[in-house]
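If you want the building blocks of each chain, they are given just below.
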Amino acid sequence: AQTVTQSQPEMSVQEAETVTLSCTYDTSENNYYLFWYKQPPSRQMILVIRQEAYKQQNATENRFSVNFQKAAKSFSLKISDSQLGDTAMYFCASNSGGSNYKLTFGKGTLLTVNP
Amino acid sequence: EPEVTQTPSHQVTQMGQEVILRCVPISNHLYFYWYRQILGQKVEFLVSFYNNEISEKSEIFDDQFSVERPDGSNFTLKIRSTKLEDSAMYFCASSDWDKSYQETQYFGPGTRLLVL
Numbered sequence: 441a442q443t444v445t446q447s448q449p450e451m452s453v454q455e456a457e458t459v460t461l462s463c464t465y466d467t468s469e470n471n472y473y474l475f476w477y478k479q480p481p482s483r484q485m486i487l488v489i490r491q492e493a494y495k496q497q498n499a500t501e502n503r504f505s506v507n508f509q510k511a512a513k514s515f516s517l518k519i520s521d522s523q524l525g526d527t528a529m530y531f532c533a534s535n536s537g538g539s540n541y542k543l544t545f546g547k548g549t550l551l552t553v554n555p
Numbered sequence: 147e148p149e150v151t152q153t154p155s156h157q158v159t160q161m162g163q164e165v166i167l168r169c170v171p172i173s174n175h176l177y178f179y180w181y182r183q184i185l186g187q188k189v190e191f192l193v194s195f196y197n198n199e200i201s202e203k204s205e206i207f208d209d210q211f212s213v214e215r216p217d218g219s220n221f222t223l224k225i226r227s228t229k230l231e232d233s234a235m236y237f238c239a240s241s242d243w244d245k246s247y248q249e250t251q252y253f254g255p256g257t258r259l260l261v262l
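In order, the protein sequences belong to chains D and S.
The number in the numbering used here is simply the position in the first sequence, starting from 1, with 440 added.
The number in the numbering used here is simply the position in the second sequence, starting from 1, with 146 added.
If you're looking for bench data, these hints aren't it; they were derived computationally from the structure.
Hints may be right or wrong, so weigh each one.
Stated by the list, open to error - For lysine to aspartate or glutamate, the following EDC-like pairs were computed, each having C-alpha atoms within a straight-line distance of at most 16 Å: (1) K203/S x E214/S; (2) K229/S x D208/S; (3) K547/D x E190/S; (4) K495/D x E469/D; (5) K224/S x D242/S; (6) K188/S x E450/D.
Unchecked claim - Chain D is faced by these chain S residues, among others (derived, beta-carbon under 8 Å): (7) V150; (8) Y177; (9) S194; (10) E202; (11) D209; (12) F211; (13) Q248; (14) T250; (15) Q251; (16) G254; (17) R258.
Stated by the list, open to error - Here are the in silico distance ranges between beta carbons for each label pair: (18) G525/D x M161/S: 38 to 48 Å; (19) E501/D x Q163/S: 42 to 52 Å; (20) T500/D x E231/S: 23 to 33 Å; (21) E149/S x Q497/D: 30 to 40 Å; (22) E231/S x T443/D: 15 to 25 Å; (23) L524/D x L262/S: 29 to 39 Å; (24) S468/D x Q248/S: 30 to 40 Å; (25) Q248/S x R503/D: 26 to 36 Å; (26) Q210/S x T445/D: 22 to 32 Å.
In this text, all values refer to a predicted model and were calculated from it rather than measured experimentally.
Just so you know, even glycine gets a beta-carbon here, dropped at the ideal spot from N, CA and C.
The shape of chain S in the complex, shown without the other chains (with noise of 0.2 Å):
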């Protein structure tokens, strides 16, 4: 069954260095999402995309994050400078839409990002 990819699993990097997350969506979904959990809190939306630009972004997505589907086939999120805080989870999912017209999102395994 076709799986929502991450790389890498765990990625640790000094404050305002700039990180890229990697994500292979399944091959024929056109919905693509980030979301991040902080340590101990809630999974939180941040960016969703789809046909090729954001269509809806969270407060958290702020000028040091960018999202773009560089080859049609992988779907990234850049933190340009990061911080302390950005340190999380980072979660992304992909969604079809079914004969009901209902939407499924399917989550990746999750890249876990330390900020030192």
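Extracted from the complex, chain D is given alone in its bound form (with noise of 0.2 Å):
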């Protein structure tokens, strides 16, 4: 079975500065998948970005990008340049790869970014 821990309810940042939420996880498997979901008020949720456990260079998309530490089972998202849109929900997630893609959520990070 996997888990998935955000310790993190809430945070807060200004516009233009850089935020880093964090995410850790447990799992026996050795193939596995990280995610970060982003739900903003009243949408649905949108993949962010993802990792495969199997790749060691660290996932980036734009001004998103991941700190992906193996042995730590550790998976954070940093943010750079935050923007007001950036403010949302954000899910951790895993799967286990090969024919079982269900996800595994931590309870989420609320991020508010301040004028």
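Both chains are given apart, each in its own frame, so use the hints to dock them into the complex.
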């Protein structure tokens, strides 16, 4: 079984600054994937970034990047140059790859970007 | 851009009543999912569906729950006899695969179910 833990229920950041959201996970799988999903207010969850566990290089998507520490089972999300539109609930999630695609989620971190 | 849609956005029902939550996945997707989030708790997997049958279900998905794809476009979740503890936000998701054989799940906006 997989577990995902997000220890920061809420965070805030000033516009244009950088913020890091934390996530730890536990799994007995060798092949797994990690994800960050964003859910803006009253909107659906959308995928922000994904990391394959077998890749050592940290994933990046424009202003979003991850710090994947496999030994520590840590998967943090860094948002650079924060924008007002980044205000959302952020969920860390994992799945075990192979033929098992169900996602296991953390409780989420509510990020507020202040002007 | 195609989106997963869900109806209704809110549903209030009496304990013991049947409810059907509806989802329209993205049209060329083949895998479908239901998740739920009880207020203040994590989003939890309920069931996955592929090739017109359940591919995996969680312990939550007991005999009171069922899913079907009645007409090739809709994907429904039925709760036969609702309980107070079924009150939650229910999310539908569908997925496809990219050229790198990576699956991405696209989520609907959710249906908030309140059982009184």
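So, going through the hints one by one against the coordinates:
no.: 1; hint: K203/S x E214/S; result: 13 Å, holds
no.: 2; hint: K229/S x D208/S; result: 12 Å, holds
no.: 3; hint: K547/D x E190/S; result: 10 Å, holds
no.: 4; hint: K495/D x E469/D; result: 15 Å, holds
no.: 5; hint: K224/S x D242/S; result: 24 Å, violated
no.: 6; hint: K188/S x E450/D; result: 15 Å, holds
no.: 7; hint: V150; result: 7 Å, holds
no.: 8; hint: Y177; result: 7 Å, holds
no.: 9; hint: S194; result: 6 Å, holds
no.: 10; hint: E202; result: 6 Å, holds
no.: 11; hint: D209; result: 20 Å, violated
no.: 12; hint: F211; result: 15 Å, violated
no.: 13; hint: Q248; result: 7 Å, holds
no.: 14; hint: T250; result: 6 Å, holds
no.: 15; hint: Q251; result: 6 Å, holds
no.: 16; hint: G254; result: 6 Å, holds
no.: 17; hint: R258; result: 11 Å, violated
no.: 18; hint: G525/D x M161/S: 38 to 48 Å; result: 40 Å, holds
no.: 19; hint: E501/D x Q163/S: 42 to 52 Å; result: 44 Å, holds
no.: 20; hint: T500/D x E231/S: 23 to 33 Å; result: 41 Å, violated
no.: 21; hint: E149/S x Q497/D: 30 to 40 Å; result: 31 Å, holds
no.: 22; hint: E231/S x T443/D: 15 to 25 Å; result: 22 Å, holds
no.: 23; hint: L524/D x L262/S: 29 to 39 Å; result: 38 Å, holds
no.: 24; hint: S468/D x Q248/S: 30 to 40 Å; result: 22 Å, violated
no.: 25; hint: Q248/S x R503/D: 26 to 36 Å; result: 21 Å, violated
no.: 26; hint: Q210/S x T445/D: 22 to 32 Å; result: 30 Å, holds
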